[in-house]
Structures are given as structure tokens and as C-alpha cells.
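Here are the chains, one letter per residue:
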Amino acid sequence: MSQHDIEDEGLPPVPPTPAPPSRPETPTEAGRGILQEMLESSWLVTVLAIFSALVLGGILIAAADPEVQAAAVYLFAQPSDFFLAVWDSVFGAYSALFQGSVVNFSASSLEQALRPLTETMTVSVPLILAGLGLAVGFRAGLFNIGAQGQIILGGVFAAYIGFTFDLPPGLHLFLAVLGAALGGALWASIAGVLKARTGAHEVIVTIMLNNIAIYLVAYLLTTPAFQRPGSSNPISPPIPDSASYPLLLGEGYRLHLGFVLALLAAVGVWWLMERSTFGFRVRAVGENPHAARTAGMSVPWVTVWVMAIAGALAGLGGSAQVLGTEHVLTAGVAASFGFDAITVALLGRSRPLGTVLAGLLFGGLRAGGFAMQARTGTPIDIVLVVQSLIVLFIAAPPLVRRIYWLPTPGGPRRAERRRRSTTPATSAQEAGA
Amino acid sequence: MKRATQVTALAAVAALALAACGTPPEDDETTDGDGAAAANPDFSACMVSDAGGFDDQSFNQAGYEGLEQAKADLGIEVSEVESSADTDYAPNIDNLVQQGCSLVIGVGFLLEDPIQAAAEANTDTNFALIDSAFSDADFNPVELDNAKPILFNTAEAAFLAGYLAAGMTESGTVATFGGIQIPSVAIFMDGFVDGVAKYNEDNDADIKTLGWDKDAQTGTFTGDFDNQANGQNVTQGFIDQGADIIMPVAGPVGLGAAAAAEAGDAKIIWVDSDGFLTTDYGSIILTSVMKQIGPAVFDTVSEASEDNFTNEPYVGTLENEGVGLAPFHDFEDAVPAELADQLAQYQEQIIAGDLVVESDNTP
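Heads up: the protein sequence lines correspond to chains A and B, in order.
Heads up, the final residue of the first sequence is numbered 433 in our numbering, and it's a clean run with no missing numbers.
Heads up, the final residue of the second sequence is numbered 363 in our numbering, and it's a clean run with no missing numbers.
Since the hints were made in silico from the structure, they are not lab data.
Because the structure is a prediction, the values reported are computed rather than measured.
We put the CB at the ideal spot given by N, CA and C, even for glycine.
One or more of the hints may lead you astray.
Using C-beta positions, here's what the derived DEER-type ranges look like [stated by the list, open to error]:
#, chain 1, residue 1, chain 2, residue 2, range
1, A, 59, B, 172, 42 to 50 Å
2, B, 356, A, 106, 51 to 59 Å
3, A, 263, B, 227, 47 to 55 Å
4, B, 201, A, 224, 26 to 34 Å
5, A, 103, B, 227, 38 to 46 Å
6, B, 218, A, 252, 43 to 51 Å
7, B, 216, A, 353, 52 to 60 Å
8, B, 311, A, 103, 31 to 39 Å
9, B, 356, A, 224, 23 to 31 Å
Extracted from the complex, chain A is given alone in its bound form (with noise of 0.2 Å):
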């Protein structure tokens, strides 16, 4: 497919890109054992990374309750209060993160033992929307950090256009996403321009704007026209129904058509990247830009519209903030999803698929975060540290592999590898999600 598409423009052929090396080998390979296969797969190895972060968490939590703290005094004159103290504390923890964001047992109704999960969609959406867009850059070998900066601008839009104007319902939910959408993607632009024409460092271009976001939307909610009338608090009027996203299960819980949307913009990046020419341009400048300049394809064009796409995913991403759970705009309405969302999309290999099964992760953390502090006084911070103790062992499988002793992956097959990857590959396509 790939060739073919740039045949069909009259362009020379691409050079043949070598196949990642970490990628998983399919498991129709021949001479290898179904659990050789499972033992090397990076998917037991981000299993094996959040497992090693949630025990490492464990350890934390324990050290941190006071209860095991007093019983650590005396551990030698009654060891049994210690081990009872820190089992009490790290399951009532682990059990409270579960009942917080998949099902509550202890709850009265069956609508409340559900509720978690739906909250735990709920927080994912930004965080799938945000990690889209960041994926969209990752694949095209843009590291773009700007995320919370496009979610404010998406949220500044959205927010503006639903409690200015008064229009009929579906008219102001779309013109108001719309917006969000836009909001984004020119706060995006910006960086993807200054990288194209400049050649500025999108790293720092999009960490400056993220400031910059943060301090006009300070800026705007000390003007009249973001605050409430007779109050000077920075907080905007309330965002009407009619530009609200509509609630999928009702009033009971918080779960908005934002997740639905969330859901069409995975299927949506999907298409784009594997299945469109610019998906294969996109792929081609981020594996090798000098090969895809080569090629004929305008490398500045592509880094533009693809800070385009990842800001107007991002700025969606505030849209559901505004427009489907907290119906104001404030200065922390973004909280820390563009920076989680870099995780997600890390997390989620620049995937679509992975991205959406990780922003569910930390939709969860987050959503069972609540619910821990709540019923057992574990700091929050303790969620945080998990998070980012997965990072952590996902970014270092090496790490991941030793602790568990799992064999290197291919490594006493490097020699049919290297012959492989010399044949031209099929590779760009079979990359997908």
C-alpha cells in the first residue's frame, strides 16, 4: 500500500525502513514456544511494570500509615500487630483504589456499586482525547510536551462560546466543540509554524506556550467578560445545558457523550494513520525525515497539520472538562491531564488502541484515587507515585525483564533478525494498532 500511494502522485519510492527491532514477532514464527512467545511480548512486560509499580506503591503506602508506624516500635515484641497493620493498610488502600473506580461493593443500590466505573470513563476522556493528539505527534517524531496548554485554550473556547450566546441545544453543543476544537489546534499551530518555518524546538516551543496558556486564562478569568455578574471571583458563569455534553446514563452519574466522542476519535486517528496518505506521510517523516524529504513529501506541511490534529484533539479534550463535567472554566480546569496525557500516549505505544486502554488506566488511578484518600487517608500522592513508578518500568523493560528473570527478547535468535530486517519490510503498515 504504501508504494502504491506514492506512485499514484508520480513520486520516487520511499527507501524500504528497517522494521522497529522491539516490536513483537507474530506467533506464527516457527522454532518458538507459545510461552517464549508470551515471556517476550512488551505486553506481559507493561502487565509486569504496573504489577512492580502497584507492590513498590504498596511498600509506600504501608510506610506511610501511622498505625504501621506505631507498630514498627515494637515489631520484635509482638511482630504479629506489624504484619496485621500493614496488611490492613495496603489492602484497604488497594481494595478502596478498586471500589473507587470499577465496582463498590459496599454500596446500597446496584446504580451506586456501578458508579465507579462510569467515573472511571469519565476522568479517562480527556486523558484519551489529550494522549490521541500526542500520539499523532509521537508517530510523526514530534515531541510535543503542549498538551495542557492546547487542553486550556480547547476549554477557553468551549467555555466562551457556551455561556456567551444562547442557541438552540444540538447547535451549541457542536458549535461549542467545534470551538474547543479550533482553540486547540491554533494553539498547536503556533508551535507546529514556529517548527516549520524556524525550525524551533518543538519541545520548548509547546512548554512556553503551556505557560502562557496557563497565565491567559489567569488573565482572562480576572476580566468581566470570563466572571459572573456581581462577583469578581476568577471562575466563568456556568456553561447552559444546551451546550453541555448530554449525560449517556442519566443524572445518577457523570458519564457524558464526551466519551462516545473520545471512543470516534480513537477509530478516527486509527484510520488517519494507518489506513490515509497522510497517516503514511506522517509515519514516514517521523521514522526517517530526511528519506521522506527525499520522497518529495513537504516535511514542514506535515509537522504543521499534524500540531493541527494533536492540538484539536487536545483542545476536545478541554471541551470534556468544561462541556461535560465541571461546566465552569477555571484556572486548574485542565488539572494535570496534558501532562498525563504524554503518559497515556507513552504508555499506550502511540497507539490508538493502547492509548484508549491506558487512559482507562489512569482514569481508574485517578477515580480510585478519590476514593482511596477518602475511606483510608492514603495521600493522593501515593496514586501519583504509582503512575509514575509505571512509567517508570515501562520505559526501562530491561529493568521489568531482570526482576522477573524473562528471557531477552530475541536474544539468541539476533542472528535471524539482523537477516530479516535487511529484506525489504513490510514494515510501516504491520505497525499498526
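Following the hints, position chain B against chain A.
For chain B alone, coordinates are given in the frame of chain A:
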């Protein structure tokens, strides 16, 4: 090998030492709460911080301390939940309600909407909100049956601080700045400016105030309540312009101001708590404008635990000692008796209602 032996020996010694000093507590039901534990274990008071967290050395912390005191004195259950972002408020409040809290206290105006929504949805639970009242969809003030606003008229105390600063300045210039321009911050600055103006009027003086224009409601703000370096820079700027007494209204950012003041030979007026006691800069803190959030929380919890919860707003004033001027501590001898008497007189006048400190930001 030698090393292994050493480690083993050390571990053994440590184990013996630990075993010798640690004794398990005896099973005693009344170990906590001085016998008050059984007073009201069914009542649970819960608190949600804003994104500043309970260690902000400012109003979150003051609220937390009030709740902890209620736990110790009233023998009630408490639960404190920190928010790390604006998006955490609604889920945190929701979790506390689900958990069966009798009273849920939100700290800060940012929690207005979530607290109000929760109060409307959960009529069996009582709520309280620090630093903000409630409003309906048309932005008119509204009363909720099960939610109590806790507000502070800090302008009254800040007026006295401004008067004191004007009387104590040697350079003829004083200054104030805020963290973010919100009513609960600006009200300090309004009172401060009025106090200076009153001194000028009484003494035909011309003390200048930098950092806040009360009529235009514009002034100097650092932009957040976290970045101490900004506080330091702003304060240095004021000192360079000749100010020698500065009142930072910015929570922990004030610590940066104090650092700059210490280096620049200026003095600080602290806010919220008595800075002489709560910071390391007691020697340069002239006084503090105290906003007694802790006691207000304690009183609210105490009433609610006795089944006397009311939705009537609590407004801290000089009269009910909800706000006040802290003692001068190290500056006790430096403040002229005349000035101190004048302050006492104004305090009485304010309490009596003969002198009204006006502010657009009055709750």
C-alpha cells in the same frame, strides 16, 4: 565475607535494641481522646481542601487545624481529603458523602459550585463552605437549608494593620500585594489602604501605599499562592521604591516577601495566622492580620455535632474575634503607646459600629 559478618552483627544489635525499647500498647479502649472518645463517634465531620492542600500554611491548613481540634475535643470522627486540582473537588465531595459524612466542609470559593450541587442533591447531609456564599443560576445570593457559608470581614482587622503601618513607617511608604485577585484577598488590601488613609487624615500626614488602588480595584499580584520567588521579587521592587513595611496577602508566597524584607531591612505584616508563631521570620513581623478560620470551623463542627446546625452564615468580625490584630511581640516596645491607644480606640469604634470599614469585597 567480613562485610557480611558486620552487617549481620549490626542487624542483631539493632534487633535487640528495638526489642528492648518497643513495647506494644496495652489493650485499653480509652487510649485516645481523653475519655471523650465515646462522646460522639457517630458524628463524622469531613473536609475537602482546595488545590493548595492542607500544608499551605494558609487557609486550608487553618481549616484543617480547626477540624483536628474538633476531633480531639469533641471525640468525633473526622476525614480530611486533599484535592490536587480543580477537577478533584466534585469527586472528593461525592466520595465523602457516599462514605456517610455528617458534615462536609469545603475550603475556598472554588468549591462553591460542587458544594452547592452536593448540598442540593444530598439533603440529609450538612455542608459548610469557607470564604464564599452561594448563588443561584441568576447570580443572586441564595440560602440553602443544609449549607452554611463561613465568611470573614478581614477589612476590619486590616484597617488596624494599615493604621499601624502608617504610624510605624520611617520612610513614609508602605506596600501590600496579593496572590490572586479574588475578593477574599482584595478585602485585606482594601482595609489596609483605608487604615493608611485614616492615619493620613488624623495626622495630616502623607504616607504612600504601593501595590493597591482601592478605587480602581487594581494592584500588584504575584499570580499564584505557591511561587515564593515571585513574592521575593515583588517585595524587593517595593523596597527599592522606598517601602519599609509590606503586607503580603498570598499565603506561602509571603515567605518570599519575608525573605526579601529581612535582607532589605524592611518589616512584614503577616496575614491569616499569627506569623510570629507560625513562621521563622518573627523578628521582622510587626503584627499579623488574623483570620480565625480554625476556630470558625471548630464552632461549626461543634454546633453540628450537637444537632444545632444552622444555615445562617458565619461572618468573622472584630466583634466576635473571627478576625483580629495579633500582638506586636518583638515590637511591643517599639510601638508608641499613643499609637497603640489609638488602635484600641478604633477597634472599639468598629465593634460598636461607629466606624464602618467599607469594601467592595465585604462578604
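Check: Which hint numbers does the structure go against, in order from smallest to largest?
Finding: 1 and 3
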